[in-house]
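Undergrad: Following the hints, put chains B, C and D in place on chain A, whose structure we already have.
4 protein chains.
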Amino acid sequence: MASNSFGKLLTLTSFGESHGAAIGGILDGMPAGIDYDPEELKRLMQRRRPGQSAVTTSRNEKDEVVILSGVNNGKTNGFPIGFMIPNEDAKPKDYSDLKQLFRPSHADYTYREKYGIDPQSGGGRSSARETAVWVAAGYFANLLLQEKSIKVIAYVNSIGNLSLGDDFDLEKLTATPENIVRCPDDVLAMKMEEEILLAKKEGDSLGGTIGCVIFNCPTGLGDPIFEKLHAELGKAILTINACKGFEYGSGFGGTKLRGSQHNDEFFTDDDGTIKTSTNNSGGIQGGISNGMTIYFKAAFKPTSTLLKSQQTVDLKGKAAEMKAKGRHDPCVLPRAVPVVEAISSLVIADFLLRNGKIE
Amino acid sequence: MASNSFGKLLTLTSFGESHGAAIGGILDGMPAGIDYDPEELKRLMQRRRPGQSAVTTSRNEKDEVVILSGVNNGKTNGFPIGFMIPNEDAKPKDYSDLKQLFRPSHADYTYREKYGIDPQSGGGRSSARETAVWVAAGYFANLLLQEKSIKVIAYVNSIGNLSLGDDFDLEKLTATPENIVRCPDDVLAMKMEEEILLAKKEGDSLGGTIGCVIFNCPTGLGDPIFEKLHAELGKAILTINACKGFEYGSGFGGTKLRGSQHNDEFFTDDDGTIKTSTNNSGGIQGGISNGMTIYFKAAFKPTSTLLKSQQTVDLKGKAAEMKAKGRHDPCVLPRAVPVVEAISSLVIADFLLRNGKIE
Amino acid sequence: MASNSFGKLLTLTSFGESHGAAIGGILDGMPAGIDYDPEELKRLMQRRRPGQSAVTTSRNEKDEVVILSGVNNGKTNGFPIGFMIPNEDAKPKDYSDLKQLFRPSHADYTYREKYGIDPQSGGGRSSARETAVWVAAGYFANLLLQEKSIKVIAYVNSIGNLSLGDDFDLEKLTATPENIVRCPDDVLAMKMEEEILLAKKEGDSLGGTIGCVIFNCPTGLGDPIFEKLHAELGKAILTINACKGFEYGSGFGGTKLRGSQHNDEFFTDDDGTIKTSTNNSGGIQGGISNGMTIYFKAAFKPTSTLLKSQQTVDLKGKAAEMKAKGRHDPCVLPRAVPVVEAISSLVIADFLLRNGKIE
Amino acid sequence: MASNSFGKLLTLTSFGESHGAAIGGILDGMPAGIDYDPEELKRLMQRRRPGQSAVTTSRNEKDEVVILSGVNNGKTNGFPIGFMIPNEDAKPKDYSDLKQLFRPSHADYTYREKYGIDPQSGGGRSSARETAVWVAAGYFANLLLQEKSIKVIAYVNSIGNLSLGDDFDLEKLTATPENIVRCPDDVLAMKMEEEILLAKKEGDSLGGTIGCVIFNCPTGLGDPIFEKLHAELGKAILTINACKGFEYGSGFGGTKLRGSQHNDEFFTDDDGTIKTSTNNSGGIQGGISNGMTIYFKAAFKPTSTLLKSQQTVDLKGKAAEMKAKGRHDPCVLPRAVPVVEAISSLVIADFLLRNGKIE
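Chains as they are written, first to last, in the numbering used here: chain A, 1330 to 1688; chain B, 1330 to 1688; chain C, 1330 to 1688; chain D, 1330 to 1688.
Fair warning: there could be bad hints in the mix.
Each pair may be met inside one copy or between any two copies, as identical chains are not told apart.
[Stated by the list, open to error] The calculated lysine to aspartate or glutamate pairs, modelled on EDC-like cross-linking and capped at a C-alpha distance of 20 Å, are:
no., residue 1, residue 2
1, K1604, D1447
2, K1686, D1364
3, K1404, E1442
4, K1480, D1366
5, K1654, E1594
6, K1604, E1650
7, K1428, E1594
8, K1647, E1594
9, K1477, D1366
10, K1647, D1599
11, K1391, E1369
12, K1477, E1442
Just so you know, these hints were derived from the structure itself, not from any lab.
Pulled out of the complex, with its shape left as it was, chain A reads as follows (with noise of 0.2 Å):
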């Protein structure tokens, strides 16, 4: 219980079901005096919107953060960040024929027996809807690290079989991606936006990876040695919905590498820095940044409604077969590329709060 908190110094607790009457959270640790901009917020929202275009969902809210408190006069007055964000296009009749059954690699089954109850309709508290109160949240820790010129750039690195491979140059990385699939190579983008399309075509969906790097990242942030800053990076990644394997620097396949190959050498720079001249520390050592490009993947499964046929049991354990109707995302990578940044956002300004960069 009480699990609905994340961040030690910066704490969002989060609440809100799908199909109640809004989602929202509280951002508690925020320093006073930072400018907020209504605007960039709701650019922010935009991105991890649903309905934003062919493949994603056709669920349609607006995803408008209504700011209770912890803001006065266009800044952050250093007391908690009190927000919400209304449900407006909630169908949950979409989900009536559903209420019966477990769905495939859904929460439904897991809910039953945690919390004795029956399938929700459209997902209620275990619903990727959650992660819109991430992106307001991250919206705010990411100020902390604009003040830090800190730069998180999340991006699909690969869908199905469609994969940037392993040459991509992430220092060439300057924004997130706009096109709408989130891959920084707009002719790779336009083959996996196909396959995507393929996919929702046949009633079937398709996972991936996302990529994400941080740049100029101070030295020093992270905490030995149950607070090191990969493994709150790691379970942070975790927590997103779908996601099933995080790796930062050389990850898996560093594996097959020797010490010899594999160790990051220093030396000094032109500037006087100390540098590494290879990086499969991605910018970590002992769970401590150490100044170079922090960069990691992850791996999300395929999106588990599909809108075809599959075989299950009903809440009596009787096998059924179901076919989900209502409005669902293809493959959740895109619209997961914000909710990347977002949580990371959240976990590098909390560790620039708990190391003492930020005042």
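TA: Quick look at chains B, C and D alone, frame taken from chain A:
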């Protein structure tokens, strides 16, 4: 700061530096009346102990756990278990040459940046010697799992390019492998051993992956939203020294499947238990255990300490060459197996308490 | 930072400023399936509401609680209860003259020192309006107490020099007093009312003490060492605006007794229950409830806002005279009674969950 | 469970039972580079040590603190300070007669109800021996206060009916009183000593009050809403064994004043510092320090262990008479003075870290 604690209702707080008087910890939250078997604890410690075989470091520590409180007449008494493990074979002199150099891919540089301290002999607080404390605490945590017949088994899945492969049947595992590499395939284990000894001879090191299965976990463990079972397991595993990645269930590989291939369909078995016909979910759906076998993999980089020459810089940033002496593991994976089991046991035991499965 | 949360397994996180759009909170940790009665919540809010009688401020707030999540079909659903209370009768203009002055014994000066912000109109975050959020959350917490037949009753024990006296029999209390002062002795209550109205007429204010009893608390609530039941109750009560002291059981008076007078001897009653013949322990021994009635007292200072002239300094430290206008309570105690009950209910409910008494 | 930790960024976790091998703790969060003086720690431990004078128990413990980690070359190194204090003069046999009886006003009964364990010899975990750990940790915490010239001085204010009285001038205190009662008035201290020895002779015990002042605390310590400075101090003080009440500033006495008498008017002193002409606020306004002297009082009940006959029940609830043997304090207050200082230092040091006053 204050980051040396782990867990919520079952909390391990640790202390100690590799070359100080002792390491140790306090395990808080153990229920009263659980049988304690010092011989079994000794046996477990032995499995992580340095100097146990040709593929591990020759540092010779008995790793004897001295229990100071929390146990009376062979049973836990409900109060915190305070314990220490004396350091006996510390040889700080081996490191005296290295005091002026940042060892590549170690925490020397980041600790200097964070704490303003020079590279410690033998790693100080960042040393993997800390994991002996986790194994001791994990022993107690595992006693709670035993009460529920939950079994945690870790094993070496791959070393460098030598791997068990995808068709290895997890369900056949019955105990932690006993060969010195701790790979469940004895033939493969011998090949891995050869590879490690070859790397050792060359002063080089190897990485690999460790797999872990958790059998018989009840449904309902894990808490939405921010304390999902797999996110807490992921954080725990990423906390282990040298770990670079974590994936559960279908993981990164599953991102290439379509939803119709990936979804785990429900059925009711002959005993009336609801199960899934496949287990791409890895026993966890919506962050909560579903009663199927939990399984995950972790990536470990090749050991950073090499006995061959490397480029680095000294404390003033001047280029320097270094070559470690000292006693080190050419491959950490065999000794990391009991650490993975220990920290997984701590996570599961904490959730048993949090989710009301104990008492 | 991040100090706007209260409780461990039942956690209230609050937001809101007295003169902003709304105040509100998230109550996390409520079990599923508890009946929710909006009329009862309304009735409770009414008891704390400003403008309810001649002895309270004339600020007129409906204090309507809007539930945004966590409740379905009249029952809690196990998910966080998000709620807000709109501010409707804010009159920041009353405070415009005071913006340049530090009000004596208010938080104006300390908030300026801490946050660098000027005295807020109406107190901003430091206003006692916050306690409306606690009463709303306390309503839900108290539902858990009702499941265990635990009853929390607070009452005004003294106003200025008018006091119930030491021989008042706590065990006779059956409900929160209904007179406007909330003192269980109706004759004394009328005298208190007169005193308050007299102070009000003179632009002055009064303090006093509130007593609280908790009937029928099971044995075993509270945790050694650092989360003793009375220490958590004390912290909670001291958190209430204007509270200056807390004592439980024999309290300060008991320090004048000898051990032989003070000790509570055990006996077994006719039902076989072990009880104590006296109750100087106040129902708590070694930080853990012993099954006897829990009781404590809290000291509340006279309201700081006066409608008479006082000396102070302006923002630049220059001496100034001030005289508040606006709407204020000449004595906070009657309205603090439901607040004491609410926050005590939150503490007890948290311990019911922590100590495995619920589910 | 897991309630053996105290503090947020500076966290003490403790272990140990009065009659086990050792007690001890881990202090996590101390910054690096603070000078450590083992002689000063010894001197402090001496002040709490049993057997130090005629008015304390004759149990003879050296209370030697063995530092296991966190200190190098006479300085803290930023890592957790692990320490233990061996138990040397435990005499469990003194308690063997009492194993079947619940001692009145002790924790025997509540621990049995909670943990299902029989009354422990010598109190087990509930013994005030635990406070030796706090004094050791408080030594380190106080080093941070010294960096800011903050001084914490506690003293015995009253024993039974013998009291310093209200006109005692706190501002004149310069050090912890050195007489064996630790009352700053030497004449009164001798009377108190006589009273204690008289009670001791009769096998009885006395209670009293301890006062504490904190000089030179910077403005801005303490966090609204739920971590107010006085609420955290109150919780800490109420955590001390035998403590029954806490009041700060004007406390319970102040409830009899009118607002116009009680309010602390602001003025600017010759150095341009804003101060208050009175200090009924006790140095804390709105939960945040205002730069004036912080002061509070704590009530301690008479020691529960008496060497005279008392009525109680045995484990089966049968009436029984008991008379303690063993070694006990006839009055805990003199030894509680350094405990009050230690735990107050822990609270203030934690807030110095939380509120960015250190580093």
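Undergrad: Provide an ascending list of the numbers of those earlier hints which the structure does not satisfy.
TA: none
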